[in-house]
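> Residue numbers (my numbering), protein chains in the order written: chain H, 1 to 300; chain U, 1 to 330; chain L, 1 to 276.
What the hints contain is simulated information worked out from the structure, not anything from laboratory work.
Glycine included, every Cβ here is placed at the ideal spot set by N, Cα and C.
Any given hint might turn out to be false.
Partial pick of chain H residues on the chain U-facing surface, computed with a CB cut under 7 Å [stated by the list, open to error]: (1) Y197; (2) K204; (3) H215; (4) A290; (5) P294; (6) R295.
Now the stretches of chain H that chain L is said to cover, found in silico as 3 or more residues with beta-carbon under 8 Å [stated by the list, open to error]: (7) 162 to 171; (8) 180 to 187.
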Amino acid sequence: MAIVALFVFFLLHLTPGDPAAVIAGDDAGPAEIEGVRQKLGLDRPVYEQFAIYVSNLAKGDLGTSIFSNMPVLQLVKQRLEPTLVLAVTTLTLAVLIAIPMGVIAAWKVRSWIDRFIMGLSVLGFAVPVFVLGYVLIYIFSIELRWFPVQGYKPLAHGALDTLRSVALPSLALALVYTALIARMTRASMIEVLSEDYIRTARAKGASQYAVLLRHALKNAAVPIVTVIGLGFTLLISGVVITETVFNIPGLGRLTVDAILKRDYPIIQGLIILFAAVKVLVNLCIDISYAFFDPRIRYGQ
Amino acid sequence: MTVPILRVDRLSTEFYTPIGNVCAVNKLSLHLQQKETLCLVGESGCGKSVTALSLMRLIPEKQGAITSGSIHFEDKDLAVASESTMRRIRGNKISMIFQEPMTSLNPVVTIGDQVSESLRIHQKLSSRQATKIATEMLALVRIADPARRALEYPHQLSGGMRQRVMIAIALACEPSVLIADEPTTALDVTIQAQILELILELKESVNTSVLLITHDLGVVAEVGQRIAVMYAGRKVEEGPVNDVFHQPFHPYTQGLLQSIPRRGSSNRLGPSRGQLPEIPGFVPSIREASVGCAFAARCKKASPQCGTAAPELMAQSAERAVACWHPNFD
Amino acid sequence: MKVFRLSAFSQPTILAGIIIILTFVLTACLAPLIAGDPLSFDPLNRLKKPSESFLFGTDQLGRDLYSRVVYGTRVSLIVGLSVALIATTIGLVLGIVCGYLERVDAIIMRVMDGMMAIPSILLAIALITLMKASLLIVIVAIAIPEIPRVVRLVRSVVLSVKTLPYIEAAIASGTKTKRLMIRHILPSTVPPLIVQATYVCASAILTEAGLSFLGAGTPPEIPSWGNLISGGRAFFQISPWIIFFPGLMLAITVLAINLIGDGMRDSLDPRIAKRL
């Protein structure tokens, strides 16, 4: 996290030339540049700036946007809900689809079902999110009119509408994630299914269902959960694009707009936010290891 | 002779390999009487474990299958029974324990749950009832403080204790037959003795018949009542343990008994001091299908006849049989 | 490098992948010969459906979509290859250094972890906006987020190879560090590195498309598939082909590269290779 903070801070100062000039834009006059400099505190020595920055962070103050003059934190709060709903829906969808697919593929390994599922996952890695997004829009919004073409309906207006507006974007976003998880599930399950204790379970007369789910899956869980955590960063990248395609006013769009407008406080604040979320996610994943594998719980 | 609990009739099992099917078990016949301990003996690769897996129909479909013969148990033929019938039998009427206690237990399920699982599957007990019986089973296999251990995980137990747990799992539903595939091979010698003793005791109290698979003749001497010797997928000799040990008919059995290290130079059949007698040559790979007796290449008594026709099993008395053209009768 | 079994390359999936990529490479090279002018616009022919004269139709300025897609092939392939080259080279150097020198390792890996915490697209965009937009900057900006993964891979190979007896033997017989690194450790890193390079290439092509789509990538004068898709957004409901054709090309290209990478990876894994 410290590295991220440092990086984010120096992002501004890494630019060739005068940071204030870069922010002010190509056609700003010297007076404007000076104004920007003062506003951002760039006229003070570097270490002082960093100290101020860090202390602000500790207070929860992520700075103020240059262009809209609103505190970054407030901007984030405004845009948080759509992104959160999108992310949660995507994650749920991906996990619910991918894990059964992976389990079935492992069970019927090398059969046509297995090859089919693996083929789907290879495709999943190839189709870019935005292309898929438009394809889905074309089929489901324009031709079939099942879902709205764009936009987002806030939860306050009714959950069903929200889900409808989030359905297509989640589907598009979930594809890569699903492929990733399905692959890992299959690989992990295949390894587990060749273990001795699976044979013991069968020798007890356990049904195929019990063997797969009760005995195998729990053992296969750790790598699967790991890959869910790793894919999270991919998810964030995808959110940015998906929100653009489907015109959803979320954090992703905020980030892109900020970057294009060079609104550095927002950029810095958002990067720190994303990094913090990633750390949190990793922590949850680590905790879940202990839940799945008692050997980790008791220390081996 | 009373009706055997388990009767195997000319069972053959083949495996699928890239170069064709290989026969791992070749027309094997066995019978297991009630409350007896039959030891199935042979070197690694002779097909003993495959036999056990075949009896339980645990050979994965893609790897191989029973190609002929029958397995008579409780008026059913297990060789052709449906999978659901087999599931009702496994862990319930016929149980098996395996060689590797370290890897045969599920690392993420508690000991108690693993023992009570077969109870819940076959006897449809509630989880509380099953847990109670599971704890009793753990006490039966002499695990100290069974109630606490039942909540622990396999990695918290030693190898010997894990094998006891395997026995508890196998005997939980009081099966008629227990197949033990090299149960003590992976354990220390001192623990070996305890486990064997335990198996014998439980055989009496649970009223189970035991098919013990091993390559260790010492184990056979300890616990075996009858012995069947296998070589290259075939049975070559069978009979009561004492009789076979004192007077082995088949050259292979003779060779096995001779190569047990003995103190002093009292071994009248081998060199008087220094060298350990051995059977020359190697166990043939099952990929090489053989015409004639599979042991012929290593046998001192081999004759042209041995190379052309495989000897059938011939009964020498009510209890003994041997498959050899030149059995040793002195 | 006998690690890649030659028989592996006759597997249908790899073969398909290679053929597809070669087709694309040929298309890119022969672009002037097989396609018209991607830049000339003809407002009279705006938004025409795909037809005989315009194979893929025309875009909102009347430009021939087919030509633009063909020229776009160049951009994607160049970006993909360049990024793969840059990322693997730098990653290789850093990885070997990390694996070999423990003190430097701790610092570099911390930095790599920090980089991996930032979503790659955002990192790339941020880097691009720091400089003036050009294809070169785009390539560099895409390459940088790909480096940490390569470093990790190389480092883990180096760490596992370092403990092998033959390395100890080489050290014991007085091999100098530099020679050790090059002659003994480097060869083990190459096969997985090549596999990773294909994945980096595929990822780079997707990232470039994404960036261009957002408007932060390849400059709009140069026709890249991402740019084409971005341009077609406003007209999507009436002229979906502007988005579909470049999108299709993207998917096929990335798919082909992934197939090649998967095939090579499978041939490296001894368990799978035995069956090939």
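> Each hint: holds or not?
Consistency of the hints with the structure:
1. Taking 7 Å as the C-beta contact cut-off toward chain U, the hint placing Y197/H at the interface holds, the least distance being around 4 Å.
2. At a threshold of 7 Å, the smallest CB-CB gap from K204/H to chain U is about 4 Å, leaving the interface hint in force.
3. For the restraint placing H215/H at the interface with chain U, the shortest Cβ-Cβ distance is roughly 6 Å, inside the 7 Å limit, so the hint holds.
4. Residue-level restraint check for A290/H is violated (minimum Cβ-Cβ distance to chain U is 11 Å; threshold 7 Å).
5. For P294/H, the suggested interface contact is upheld, since its CB lies about 4 Å from the closest CB of chain U, less than 7 Å.
6. Interface restraint check for R295/H: the shortest CB-CB distance to chain U comes to about 5 Å, inside 7 Å, so the restraint holds.
7. Given a C-beta distance limit of less than 8 Å, the hint that chain L covers the segment 162 to 171 of chain H is violated, as 0 residues qualify and 3 are needed.
8. Counting residues of the segment 180 to 187 of chain H whose CB falls under 8 Å from any CB of chain L gives 0; the rule of at least 3 is not met.
When the structure is compared with the earlier hints, violations turn up for hints 4, 7, 8 and for no others.
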